[in-house]
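Chains as they are written, first to last, in our numbering: chain A, 1 to 414; chain B, 1 to 414.
Heads up, a few of these hints could be off.
Put simply, identical chains are the same to the list, so a pair is met inside one copy or across any two.
Derived SDA-like pairs (lysine to any residue); straight-line CA-CA distance at most 25 Å [said to hold, decoys possible]:
no.: 1; residue 1: Lys266; residue 2: Ser328
no.: 2; residue 1: Lys266; residue 2: Pro353
no.: 3; residue 1: Lys54; residue 2: Gly146
no.: 4; residue 1: Lys266; residue 2: Gly239
no.: 5; residue 1: Lys266; residue 2: Thr141
no.: 6; residue 1: Lys298; residue 2: Tyr236
no.: 7; residue 1: Lys266; residue 2: Trp349
no.: 8; residue 1: Lys298; residue 2: Pro228
no.: 9; residue 1: Lys266; residue 2: Gly325
no.: 10; residue 1: Lys266; residue 2: Glu283
no.: 11; residue 1: Lys266; residue 2: Arg390
Keep in mind that the hints were calculated from the coordinates and are not lab data.
In this text, all values refer to a predicted model and were calculated from it rather than measured experimentally.
2 protein chains.
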Amino acid sequence: MTLSNAAHPDQTGSVGLTRTQYLDLPRPLRLASGRELAPVRLAYETYGTLAPAKDNVILVCHALSGDAHAAGWSADTDTPTALDGFAADDRGVQSRGGLGWWDGMIGPGKAFDTNRYFVVSTNIIGGCRGSTGPSSLDPTTGRPYGVRFPTVTVNDMVRAQRLLLDELGISSLLSVSGGSLGGMQALEWTAVYPDQVASCIPIASTAALDSQGMAWNAIARNAIMADPDWQGGDYYGTGRTPTAGIGVARMVGHVTYLSAESMRDKFGRRLQDRPDLSYTVTEADFAVESYLRHQAAKFAQRFDANTYLYTSRALTYFDLARDYGHGSLQAALASVQARYLLISFSSDWLYPPRDSQAIVEALRANDKHVEYHNLETRYGHDSFLLDEDRQAPIIAEFLARVYEANRIGREGKA
Amino acid sequence: MTLSNAAHPDQTGSVGLTRTQYLDLPRPLRLASGRELAPVRLAYETYGTLAPAKDNVILVCHALSGDAHAAGWSADTDTPTALDGFAADDRGVQSRGGLGWWDGMIGPGKAFDTNRYFVVSTNIIGGCRGSTGPSSLDPTTGRPYGVRFPTVTVNDMVRAQRLLLDELGISSLLSVSGGSLGGMQALEWTAVYPDQVASCIPIASTAALDSQGMAWNAIARNAIMADPDWQGGDYYGTGRTPTAGIGVARMVGHVTYLSAESMRDKFGRRLQDRPDLSYTVTEADFAVESYLRHQAAKFAQRFDANTYLYTSRALTYFDLARDYGHGSLQAALASVQARYLLISFSSDWLYPPRDSQAIVEALRANDKHVEYHNLETRYGHDSFLLDEDRQAPIIAEFLARVYEANRIGREGKA
Numbered sequence: 001m002t003l004s005n006a007a008h009p010d011q012t013g014s015v016g017l018t019r020t021q022y023l024d025l026p027r028p029l030r031l032a033s034g035r036e037l038a039p040v041r042l043a044y045e046t047y048g049t050l051a052p053a054k055d056n057v058i059l060v061c062h063a064l065s066g067d068a069h070a071a072g073w074s075a076d077t078d079t080p081t082a083l084d085g086f087a088a089d090d091r092g093v094q095s096r097g098g099l100g101w102w103d104g105m106i107g108p109g110k111a112f113d114t115n116r117y118f119v120v121s122t123n124i125i126g127g128c129r130g131s132t133g134p135s136s137l138d139p140t141t142g143r144p145y146g147v148r149f150p151t152v153t154v155n156d157m158v159r160a161q162r163l164l165l166d167e168l169g170i171s172s173l174l175s176v177s178g179g180s181l182g183g184m185q186a187l188e189w190t191a192v193y194p195d196q197v198a199s200c201i202p203i204a205s206t207a208a209l210d211s212q213g214m215a216w217n218a219i220a221r222n223a224i225m226a227d228p229d230w231q232g233g234d235y236y237g238t239g240r241t242p243t244a245g246i247g248v249a250r251m252v253g254h255v256t257y258l259s260a261e262s263m264r265d266k267f268g269r270r271l272q273d274r275p276d277l278s279y280t281v282t283e284a285d286f287a288v289e290s291y292l293r294h295q296a297a298k299f300a301q302r303f304d305a306n307t308y309l310y311t312s313r314a315l316t317y318f319d320l321a322r323d324y325g326h327g328s329l330q331a332a333l334a335s336v337q338a339r340y341l342l343i344s345f346s347s348d349w350l351y352p353p354r355d356s357q358a359i360v361e362a363l364r365a366n367d368k369h370v371e372y373h374n375l376e377t378r379y380g381h382d383s384f385l386l387d388e389d390r391q392a393p394i395i396a397e398f399l400a401r402v403y404e405a406n407r408i409g410r411e412g413k414a
Numbered sequence: 001m002t003l004s005n006a007a008h009p010d011q012t013g014s015v016g017l018t019r020t021q022y023l024d025l026p027r028p029l030r031l032a033s034g035r036e037l038a039p040v041r042l043a044y045e046t047y048g049t050l051a052p053a054k055d056n057v058i059l060v061c062h063a064l065s066g067d068a069h070a071a072g073w074s075a076d077t078d079t080p081t082a083l084d085g086f087a088a089d090d091r092g093v094q095s096r097g098g099l100g101w102w103d104g105m106i107g108p109g110k111a112f113d114t115n116r117y118f119v120v121s122t123n124i125i126g127g128c129r130g131s132t133g134p135s136s137l138d139p140t141t142g143r144p145y146g147v148r149f150p151t152v153t154v155n156d157m158v159r160a161q162r163l164l165l166d167e168l169g170i171s172s173l174l175s176v177s178g179g180s181l182g183g184m185q186a187l188e189w190t191a192v193y194p195d196q197v198a199s200c201i202p203i204a205s206t207a208a209l210d211s212q213g214m215a216w217n218a219i220a221r222n223a224i225m226a227d228p229d230w231q232g233g234d235y236y237g238t239g240r241t242p243t244a245g246i247g248v249a250r251m252v253g254h255v256t257y258l259s260a261e262s263m264r265d266k267f268g269r270r271l272q273d274r275p276d277l278s279y280t281v282t283e284a285d286f287a288v289e290s291y292l293r294h295q296a297a298k299f300a301q302r303f304d305a306n307t308y309l310y311t312s313r314a315l316t317y318f319d320l321a322r323d324y325g326h327g328s329l330q331a332a333l334a335s336v337q338a339r340y341l342l343i344s345f346s347s348d349w350l351y352p353p354r355d356s357q358a359i360v361e362a363l364r365a366n367d368k369h370v371e372y373h374n375l376e377t378r379y380g381h382d383s384f385l386l387d388e389d390r391q392a393p394i395i396a397e398f399l400a401r402v403y404e405a406n407r408i409g410r411e412g413k414a
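In isolation and in its complexed conformation, chain A is listed as follows (with noise of 0.2 Å):
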């Protein structure tokens, strides 16, 4: 069998409109950090038909900014998309009742083949689109969490989907995916749960952020909780949000996600709808201080600035090493099952492709499958959300020999 053609646009679809569930778990979720969360609500979709054997369930994750709704077009059209930037003008995206975050990569005939898996994309706890979070109401005290809400860990966005998959009646997935911090959830899955995922596709992502990276991060923070209109974390129903923190926070990650190279491409130092400089520190004389100033205020729109505080810490605290292996990477893969596709980009500074590559080589140390693609482009981290079409015929194929040889398992133990 080969689908080397499987993403070829000519034979992908669309999952056509698609509409967010919820689902509260039965019990509370005890946490890393040693505190219990309850209820817990995560919102969810899926794409294409579970199997009677249910060996076909891949789970995909979201990255920072994301949600539930990873394919299709929003059957609400009041929901705000979360694909912005260089992906939503790419594809010519409004601003709500749009298009998924992932929908180049998940339908018929595409990286994520609805035809032929079961594609489960939830919100993570601690996220703002509909899963629980800071802005939900606290129960003991009737009012939204705020900072009160317990840190999160990757740990514990992976064991909500767990329980959620229970309720699905998913004992074991095909696959799990994700890029930047939705790779962390897919590494974490196979450590957690070794003997539950067949298979692992993180994307442009780490087994743990570097200094930098933990440095844009903690910035991104510092910008949202020095607003004084995030007032501690108490800014619901107040009528003042921290737009301006958020704004500034969105910016840097925005800058970051992109390689210098693109944002020469696109912007240069064109002028913004002017004929000459304006001489004076306040306007946005430039297409790329305009573009920067757009994309702040739409984001302040759409993103609650607790979730990114909440989400923003949980990928700083990912380290594998350090949470499996006593430090090293190698001892941290030592039981893990999965085969890994592991796929990272050339012109990617904030996942480089060194994270990637030690990754792959902690695997290879203790003989794992694993295959490993660094892929040439120039979007920078971005490049996940933005070159589908390279990397769709590679998931494709992977996945395609990681469901035959799971089937033939399967068969021989039957």
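Based on the hints, put chain B in the right spot on chain A.
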């Protein structure tokens, strides 16, 4: 004559205690924006002795956060030093009454050898360390300018320096040098006063900032202006200054000045003064997080936020090709007469080697004298303040050759 040991530590010394001087320009400064600035005061320091022939003058120009105090120890013990970050840590520098920001380069036997050369250093106009800037009193209102201060450009900075040198009776420069924005000033000198500058040493600089560099600057300015305590620029005397905003701006700047490698070396994922994660979103758990907060607070204390806006604007506006070559860098450098020494750093991703190389190529295409060194360093953009031992011998030898050639040239004319 050989100067190969000129910068050897055991032959070098300090210029000792220094005191900043102030000079009021005798006439208004006509600015690139078309506006006029008056009165104009410039803060400056000098090191070494002006030769009777006045042929040994070197102007050093500071970067965004610098000041006139470039060398030696400030005699005014209450003056905050512009040296901070890794450079201050390395030298155990106190925050006040401190060491000049380029002390490693300026002094007896150093790169800019004060036994031989007369070094002049000014605080740029728009500055906050003694030169006229947005925190100065506007004579038309009797109140500080705030954002009514006219936008200044690198060209304005250079023409102000020209007027200062006129007052000091200095008609031409043996050399002009600086890193980053200081390098822009050096380049501008050779374009606007081609017959008055024998040599030019731009370090870690550029003929025009690229989109990504413009973006970092835009983020920093936005962070300041987003702080309600900025108050539209009129925070002077209100008891509230935008410390949070300029703190975030400084954090962004600080990370862009360093390489990912040097941050990894210094911080890794080390926790700061705690045995375990705090499981909060508000605490600075990691050393890198704590460091950024500390640097932000320190900088907010010593630096005026409006000056940050104006200086950041000036370096974003700087564009040699646009201003002197109708968009062509080669055309812009067609009439320069100086000998050039350019230095860039392999790990500098903010003012990357390619930017220096573009200048070198444009100069070579014009058959100009140019020498270029791309030094392998780990510190990123801040290498110009940190890896002085590597730069010093290159600069010392270059200057000795220029001085000699200049002397012979003048004797030939006499």
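The hints, checked one at a time:
| no. | hint | in the structure |
| --- | --- | --- |
| 1 | Lys266 x Ser328 | between (41 Å within a copy, 20 Å between copies) |
| 2 | Lys266 x Pro353 | both (24 Å within a copy, 21 Å between copies) |
| 3 | Lys54 x Gly146 | neither (38 Å within a copy, 67 Å between copies) |
| 4 | Lys266 x Gly239 | neither (36 Å within a copy, 42 Å between copies) |
| 5 | Lys266 x Thr141 | neither (49 Å within a copy, 43 Å between copies) |
| 6 | Lys298 x Tyr236 | within (19 Å within a copy, 32 Å between copies) |
| 7 | Lys266 x Trp349 | both (18 Å within a copy, 19 Å between copies) |
| 8 | Lys298 x Pro228 | both (20 Å within a copy, 20 Å between copies) |
| 9 | Lys266 x Gly325 | between (43 Å within a copy, 23 Å between copies) |
| 10 | Lys266 x Glu283 | within (20 Å within a copy, 37 Å between copies) |
| 11 | Lys266 x Arg390 | within (21 Å within a copy, 37 Å between copies) |
Of the numbered hints stated above, those contradicted by the structure are hints 3, 4, 5, listed in ascending order.
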